[in-house]
Amino acid sequence: MGRFVLRRIAGMVPTLWIIITLSFFVIRLAPGSPFSAERAIAPEVKADLEAKYGFDKPLLTQYMRYMGNLLRGDLGLSTKYPQRSVNEIIWLGFPVTLTLAAVALVWALLLGVTAGIIGAVRQNTVWDYGAMSAAMIGISIPTFVLGPLLVLLFSLTMFIFPPAGWGTWRHVVLPAITLGTIRAGYIARLTRAGMLEVVRSDFVRTAHAKGLPERLIIWRHMLKGGMLPVVTYLGPAIAFMMVGSVVVEKIFNTPGIGPYFVDAAFNRDYFLVMGILVLESVFLLGMNLLVDIAYGFLDPRIRYDG
Amino acid sequence: MDRSRRAIHAGFRRRLRDRFPPARAGVPAVAWLVLLIGNFIAGCDSSDPEYFGTTVPQHGPEVLWLNNGGEAQWIDPGRCSDSNGGDVILNTFAGLVESHPKTLEPMPDVARDWDISADGKVYTFHLRETRWSDGVPVTAHDFEWSHKRLLAPALASKYAYIAYPLKNAEAYNMQALFLTGVDLATSLEDVRDLVAEVIPVERVDISHDPPGFCVFIGGDDDQRDALRKRAILQLNGRRLAGQSLTVRVADSTLVGVEALDASTLRFTLENSIPYFLHLLSFYSFMPVPRHVLDRLEDQGINPDLWTRPQHIVSNGAYTLKEWKFRQFMRFEKNPHYWNAANVRTPEVKAYLVESYNTSLNMYRAGEIDFPGGNLALPSEFMDHLQQFHDYRYDPYVAVYFFWFNTTRPPLDKLEVRQALSLAIDRTAIVKYIKRGGETPTADVVPQGLAGYPGLNSPLFDPERARQLLEAAGYPGGQGMPPITLIYNTSEGHKQIAEAAQQMWKDNLGIHVNIENQEWKVYLKSMETMDFQIARLGWIGDYPDPYTFLDLLLPKSGNNHSNWSDERFSELLREANQTIDQETRIARLLEAERYAMTQQPLMPLYVYTKTTLIKPYVRGVWGNYMDRHLWKYVWIDERWYDGVPSEPVVDSPPPLTPRY
Numbered sequence: 111m112g113r114f115v116l117r118r119i120a121g122m123v124p125t126l127w128i129i130i131t132l133s134f135f136v137i138r139l140a141p142g143s144p145f146s147a148e149r150a151i152a153p154e155v156k157a158d159l160e161a162k163y164g165f166d167k168p169l170l171t172q173y174m175r176y177m178g179n180l181l182r183g184d185l186g187l188s189t190k191y192p193q194r195s196v197n198e199i200i201w202l203g204f205p206v207t208l209t210l211a212a213v214a215l216v217w218a219l220l221l222g223v224t225a226g227i228i229g230a231v232r233q234n235t236v237w238d239y240g241a242m243s244a245a246m247i248g249i250s251i252p253t254f255v256l257g258p259l260l261v262l263l264f265s266l267t268m269f270i271f272p273p274a275g276w277g278t279w280r281h282v283v284l285p286a287i288t289l290g291t292i293r294a295g296y297i298a299r300l301t302r303a304g305m306l307e308v309v310r311s312d313f314v315r316t317a318h319a320k321g322l323p324e325r326l327i328i329w330r331h332m333l334k335g336g337m338l339p340v341v342t343y344l345g346p347a348i349a350f351m352m353v354g355s356v357v358v359e360k361i362f363n364t365p366g367i368g369p370y371f372v373d374a375a376f377n378r379d380y381f382l383v384m385g386i387l388v389l390e391s392v393f394l395l396g397m398n399l400l401v402d403i404a405y406g407f408l409d410p411r412i413r414y415d416g
Numbered sequence: 027m028d029r030s031r032r033a034i035h036a037g038f039r040r041r042l043r044d045r046f047p048p049a050r051a052g053v054p055a056v057a058w059l060v061l062l063i064g065n066f067i068a069g070c071d072s073s074d075p076e077y078f079g080t081t082v083p084q085h086g087p088e089v090l091w092l093n094n095g096g097e098a099q100w101i102d103p104g105r106c107s108d109s110n111g112g113d114v115i116l117n118t119f120a121g122l123v124e125s126h127p128k129t130l131e132p133m134p135d136v137a138r139d140w141d142i143s144a145d146g147k148v149y150t151f152h153l154r155e156t157r158w159s160d161g162v163p164v165t166a167h168d169f170e171w172s173h174k175r176l177l178a179p180a181l182a183s184k185y186a187y188i189a190y191p192l193k194n195a196e197a198y199n200m201q202a203l204f205l206t207g208v209d210l211a212t213s214l215e216d217v218r219d220l221v222a223e224v225i226p227v228e229r230v231d232i233s234h235d236p237p238g239f240c241v242f243i244g245g246d247d248d249q250r251d252a253l254r255k256r257a258i259l260q261l262n263g264r265r266l267a268g269q270s271l272t273v274r275v276a277d278s279t280l281v282g283v284e285a286l287d288a289s290t291l292r293f294t295l296e297n298s299i300p301y302f303l304h305l306l307s308f309y310s311f312m313p314v315p316r317h318v319l320d321r322l323e324d325q326g327i328n329p330d331l332w333t334r335p336q337h338i339v340s341n342g343a344y345t346l347k348e349w350k351f352r353q354f355m356r357f358e359k360n361p362h363y364w365n366a367a368n369v370r371t372p373e374v375k376a377y378l379v380e381s382y383n384t385s386l387n388m389y390r391a392g393e394i395d396f397p398g399g400n401l402a403l404p405s406e407f408m409d410h411l412q413q414f415h416d417y418r419y420d421p422y423v424a425v426y427f428f429w430f431n432t433t434r435p436p437l438d439k440l441e442v443r444q445a446l447s448l449a450i451d452r453t454a455i456v457k458y459i460k461r462g463g464e465t466p467t468a469d470v471v472p473q474g475l476a477g478y479p480g481l482n483s484p485l486f487d488p489e490r491a492r493q494l495l496e497a498a499g500y501p502g503g504q505g506m507p508p509i510t511l512i513y514n515t516s517e518g519h520k521q522i523a524e525a526a527q528q529m530w531k532d533n534l535g536i537h538v539n540i541e542n543q544e545w546k547v548y549l550k551s552m553e554t555m556d557f558q559i560a561r562l563g564w565i566g567d568y569p570d571p572y573t574f575l576d577l578l579l580p581k582s583g584n585n586h587s588n589w590s591d592e593r594f595s596e597l598l599r600e601a602n603q604t605i606d607q608e609t610r611i612a613r614l615l616e617a618e619r620y621a622m623t624q625q626p627l628m629p630l631y632v633y634t635k636t637t638l639i640k641p642y643v644r645g646v647w648g649n650y651m652d653r654h655l656w657k658y659v660w661i662d663e664r665w666y667d668g669v670p671s672e673p674v675v676d677s678p679p680p681l682t683p684r685y
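Sequence order for the protein chains is A and B. Heads up, the first sequence is in our numbering, so the first residue is 111 and it goes up one at a time. Heads up, the second sequence is in our numbering, so the first residue is 27 and it goes up one at a time.
The following block holds chain B by itself, in its conformation from the complex (with noise of 0.2 Å):
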């Protein structure tokens, strides 16, 4: 860095510092007030000062307190979209693979073994002898059968796309229509052409199992059934190439999971994807228990109440006893869960409180043990908790981004938006404003994630961007048309969005305005692409490159950008049809690194999860995906009597082997 832009850069983050002082940043005045009387109190009372509130525990050893954040939409496997449900159903079910508690490698589960064909497509699972909670022997076919409730229209589940890899599972969860009886050297466009004669007509897909081709239907949401219905009616029989047409809409034995008997399960995939295995560990693929949902609906009982503490049944090392609406949910220990030797605590209390101040100060009561991931904690504190020895913190698999809106002018030119890309100083940004230790980034795709090497953009290059402006035709930023920067109210967002203002100000001489909107609104505008810049996060589902790339397919629906590339998609297609997992990897590097030269987005930093753990507990390790099953948390005895002198040997489970 030459000796000018050194200046620049201290200049600026000088300005920064002020702005936005590393101790006070955007706390209101009351929360600093809280926090000062709250320090002179701790230095009065009686628990170790080297830890945020008392360190010994309020309760027995056999039960753990913590808090699963809000209350939970849905704890049923098919239907659940929020992680609140999701953290309750990984420790209350049991799916075929789970993740190892620091590692999250694949872990066999219910399944004892498992075969993968040679073309990384067929996976066959080998259960074992297990039993759901009361005592009915859990078999293959309850997960074939979960699986295809979780893609059934009528169920409409939101998180359906997450078992899209396997075969036929789009198209039935989309209710596609199949055409068979077609010759498959027929060319796609002339099956459009055909069907759109007819229907409105997202895409058409070749088929090989029904041979023919997938449509997918376009057109108005509601009015999809009268389309499907008609296209019947006036394609059945039809001819192509002089051959005669037979269509059905998709239904659930097409798709690609099968009970071969009771304890042997069988998935086909569309593709070789090499995280199929973690995907199986995510909540939406636990076994759903028909026969409960089957004896509700014979007694005349709404079968959706099947997750009440009075009716569910689960699989897991854990069952639901008590659930107080939006107070707390009581579990105990599941003594069919096939692994319940290994679990080590008898009971949990999980607390549903969504508020991380109202968390903090239970927390710093005793009265929970672990805040949980559900929350992470407040920028604001960041500085003030740091200093204890129960703050922790670890990376996890979300990116923090700005979303350019490709089509309206000047972020249609690309140098425009690759100019304010470099021109804000994402280190910054990490170390004055958010201050948990997140990682600086100008990727989509977290590095380290399944051995990905990561792009590393430049993070900050003011000189660059300068001449990139120039060369969009505003030197120095003269003649820019207006840019308006939205985001969704909330204190955090607004002052990443002020930095980057600023220093959009600073290095390039132009003025964005910037705009906060509440949520729903903001969905809104976004879904309506009614924006030129926006912020979001994206979580990843698991842990592969994929999950992030796959934002910047035009079908994603997630895809804020307006950008949409031919070559960006065939290499991402190219990539899953590879099974050699080091082609994959560098197949998707060459995709990133494409997309990334067209700077649809602008990441700005991976993020962390911060939290709090009480010292006395044991037994949960940081991970990528923030997964902590309680299964392996214990409480560590010696904390009863004071500040135990030797430190515990805490190390995680070695991973299961398969037998």
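If we strip away everything but chain A, and leave its shape as in the complex, we get (with noise of 0.2 Å):
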């Protein structure tokens, strides 16, 4: 297990070399300078403003300065945000995002989980179609439509929930739920699936047949069989959230990093686009791996041999 894991990790290192290679040139393909505005600056401002960023050496120079920076955990200043570097940015966003996030996918889970248990144990039942179209809905809803509504509904009608900002628990509520319900959809027809399919298999009958109580079947030996598509989908599942929350963040004005996506590369906003993007990186290829430690203990047939 231990030797795994470290090969895995060992992986990850020319991985997340290509990923940062490919992207500090590819970004600067794209047409349009950071410094570049309506308003014509000086040549000499601009001269000015590029070496402090360092881009007026030749772009090599500047791949090599910036992996030298990389490795001393430096991710260089924003151009958009000149008073901040970019590991601030990501300081001050990062645990909001990633706050939101979690928040979201508890709620997806809880949803998701138990519209699949419904749909599974009540199969062909009006249970079961319900549950499964309230996911289907659920899935079909873009979170740009849901954001407005539940603000709508909860911020200017029932005065529960506030429109936007961040801060108290109540600015969570409605973010977090845009962001998880479009997931839950998905994870209440995986877990209906993995339960299905487990419903038929030998183990559960011998449970069966031992006579134990239908719940104990339920919850010790059909969901821990049930959940292995929904723990493969749960990696795939927080990047969604992750890049998700562009829009949801847009909506709620939540200050996470969501909205730096996009905006970081309209913006040409090369050293916090780079930041983002590394963050990422890690992020997913350290979830990835998490999802694939946790399928050991779920499923007792899969073993990492050293």
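Derived from the structure by calculation, the hints contain no laboratory data. C-beta: ideal position from N, C-alpha, C; glycine also. Certain hints may be false.
[Stated by the list, open to error] What follows is a set of in silico ranges between Cβ atoms, one per label pair, in the way DEER data are often shown:
1) B:Ser381 x A:Leu263: 17 to 23 Å
2) B:Pro484 x A:Lys167: 50 to 56 Å
3) A:Leu263 x B:Pro163: 53 to 59 Å
4) A:Thr171 x B:Leu286: 30 to 36 Å
5) B:Ala222 x A:Val392: 53 to 59 Å
6) B:Pro372 x A:Gly121: 36 to 42 Å
7) A:Gly183 x B:Gln201: 34 to 40 Å
8) B:Thr554 x A:Leu169: 19 to 25 Å
9) B:Gly245 x A:Gly121: 37 to 43 Å
The task is to assemble the complex, starting from two chains supplied on their own in separate frames and drawing on the hints.
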């Protein structure tokens, strides 16, 4: 197990290097500069600004310098927020996005797994159809529709939750529901499919034969096996949440890192784009690794040999 | 208008209306749905249907909640170039003068009084005894240092050019070379030729102080330091017209701002410009607390961080107490502000919300009282929002126009440019697309700016447009080479481009392609002049016609027409050397008339600022510059108990007397 983890981590390094190198050069291919604006700036001023960020050096030198700084943990300066370093911007925003994603994930799991179990246990009944239809609706409603609708209902009519902002638990509720609901739909369908597969397996039949109560069979035997597809999906789900927060964080003016995915690229904020990419890549690769490890615990048939 | 023309006109408007029905144009179905449900729900809630959202303040009368637009880039007066930061600066710092909240007339702020020399070139300000928010006295030396800092090449301020009217300011900012010890009668060409032997030259000016010539260096941006060194090395001691040259790089001591003592500040200008006092109320001219920057440097802290709440010291009505990145900034009244007695609201919370949808939601729920000037309402919602009492619009000193690239055929033909301009029904665009009370215009300078009468160029004349096209050799659009209009990706610009395309087709029989580009790509196209027609908006920096006419000067860097004309430049130069305001306005008008006969661009309309203000918020007056200082704003407490029966009398403050 330990050797498996180490090998996987070692494998992540070249992947990361390729991602960083490719993105570093690709973002520079986009026309325009971080300093271009509606109003022309004096050539002397532009030269000074470029020197400040090192953009006046040849691209290869810039790349070497960036990689050097990266190894020291320095992600550079933002051009859009010139008085903040990329480290500071991420330090301020990442916990927010993470909190949002975590609450959304809990919401998605609660809702999705419950609906999935109902669907599987009461297969082909009104319960099943109802749960699966709800899941389908959840999948189909885009966040930019669900978000404003929730705001209308809970903020502008019932005055329960604030329409935007961040700071108290009340601010988390609406964005987390918006972000989580679409994932809940997928999770419901996956849970149902996984459970149905397990329903017909030998060990469940054995459990029934032993005369175990229904509830115990569902919780102890079926759910563990039925959750495998869901666990596989958790990696991408978290990734989707990070990307999905681009829209949700805009709607609710949440100060997370979501909007940077798009805005930093639009602003040609090179170092911020890179910083977000590095963060996201490390996070995703780490998540996938965790999912693989969790597999081993959930399914006794899977064991990682050294 | 004869009958046939009226028929064309009416048919045209009908088509436009079909294309952009007033109530729905361009609204994504989703926004519509939300608005519809919103209306339904609004019918059920308890708030006053006359207003958009709640009318009961959600906070005490001692605080104001507003939206400042997005996150500020800089709130350092020397470095700021974004309007979000600019608004914060105007409310936390006090300059020599401020503009009256309604008329924009310059009023004394830190300056108690001032004298202007007879030639209009020397301004002497007498300062009050005022203090920074940490109790340290504000002196004329602080102002001198701040203005020179704004111009310092090392600071690389994007707005340094705003101070170019000061003597030698541009030379210092651009690190020009002063050639002294030479006879002033020497011709500019001789000087230019001599310097050009050694380095590339952008332009040469005569300088009176120091007496000699001022040479602006050309060539690659990043080579200029080396060029400067080379010029000094090779030109020093060279002989020109029998005299020996001395060459030096412009430095801050030559700039026309000087503290005569702690309470007297003298500005010397290149030309007499009547808008100089207005200019001084711009945020770039606010003072910077040098003592704080020095202290941070001594403590080994990056002095760039002086604007963080834990370090910042300011001299204006408010001080920054809390700054949550991309969430909000919280301000408290500054007890050391000289006029603190007249600051009406003790606390201000400014949200940093970029999206107007989110801002509107917060406004509706009463989480913000005033969406602020940095967000204009989207035209899709205009018809809906106009019906409420809290909607308002004010003219704004900004013009929307299309640049013509006058070197690209067929736009190199004057008649083609004129035909394209006359074939656009600007009134229809404003009425059916923008819908925010904008003024259609075919002039670069908005009417009424500092007493400017306006050119009143014809807005729409399809008959004449067709004649011009025929004169250009394309009767009925026959044989017209392809033309493309580019715009930066945005729903609003798209609608205008499509309308223009349709009007050109209907009125001239020509097909113009339209193409959208992502913002930075678009800016690149503009910079490299890689386009035929391109849209742009221009916001004036100060309420004077010059802020728009300056745009057409070849050296402005913002002229995207490839049109440059010595006569136009000469007319503007003459206007700037005139002290008498009436004569000056006449000269400027002549210059604009001349420029518009050449049609390097075609203006479409003068902007308005549309916004919503809660009825309990008082003291926000509309003005041309969309400047709303928080110190005048207050909460009408009677609204806590429902709609007050008596309207409140809310007259703007009198012009502060000089004393």
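Checked hints:
1. At about 19 Å, the CB distance of serine 381 of chain B to leucine 263 of chain A agrees with the hint of 17 to 23 Å.
2. At roughly 53 Å, the beta-carbon separation of proline 484 of chain B and lysine 167 of chain A lies within the given 50 to 56 Å, and the hint holds.
3. Between leucine 263 of chain A and proline 163 of chain B the CB atoms are about 56 Å apart, so this pair conforms to the stated range of 53 to 59 Å.
4. At about 49 Å, the CB distance of threonine 171 of chain A to leucine 286 of chain B disagrees with the hint of 30 to 36 Å.
5. Range check, alanine 222 of chain B to valine 392 of chain A: about 55 Å between beta-carbon atoms, so the 53 to 59 Å window is met.
6. Between proline 372 of chain B and glycine 121 of chain A the beta carbons are some 60 Å apart, a value that contradicts the proposed interval 36 to 42 Å.
7. The given range of 34 to 40 Å is respected by glycine 183 of chain A and glutamine 201 of chain B, whose C-beta atoms sit roughly 37 Å from each other.
8. Taking 19 to 25 Å as the suggested C-beta distance range, the pair threonine 554 of chain B and leucine 169 of chain A conforms, at roughly 20 Å.
9. The given range of 37 to 43 Å is broken by glycine 245 of chain B and glycine 121 of chain A, whose C-beta atoms sit roughly 50 Å from each other.
In this structure, the earlier hints numbered 4, 6 and 9 are contradicted, and the remaining ones agree with it.
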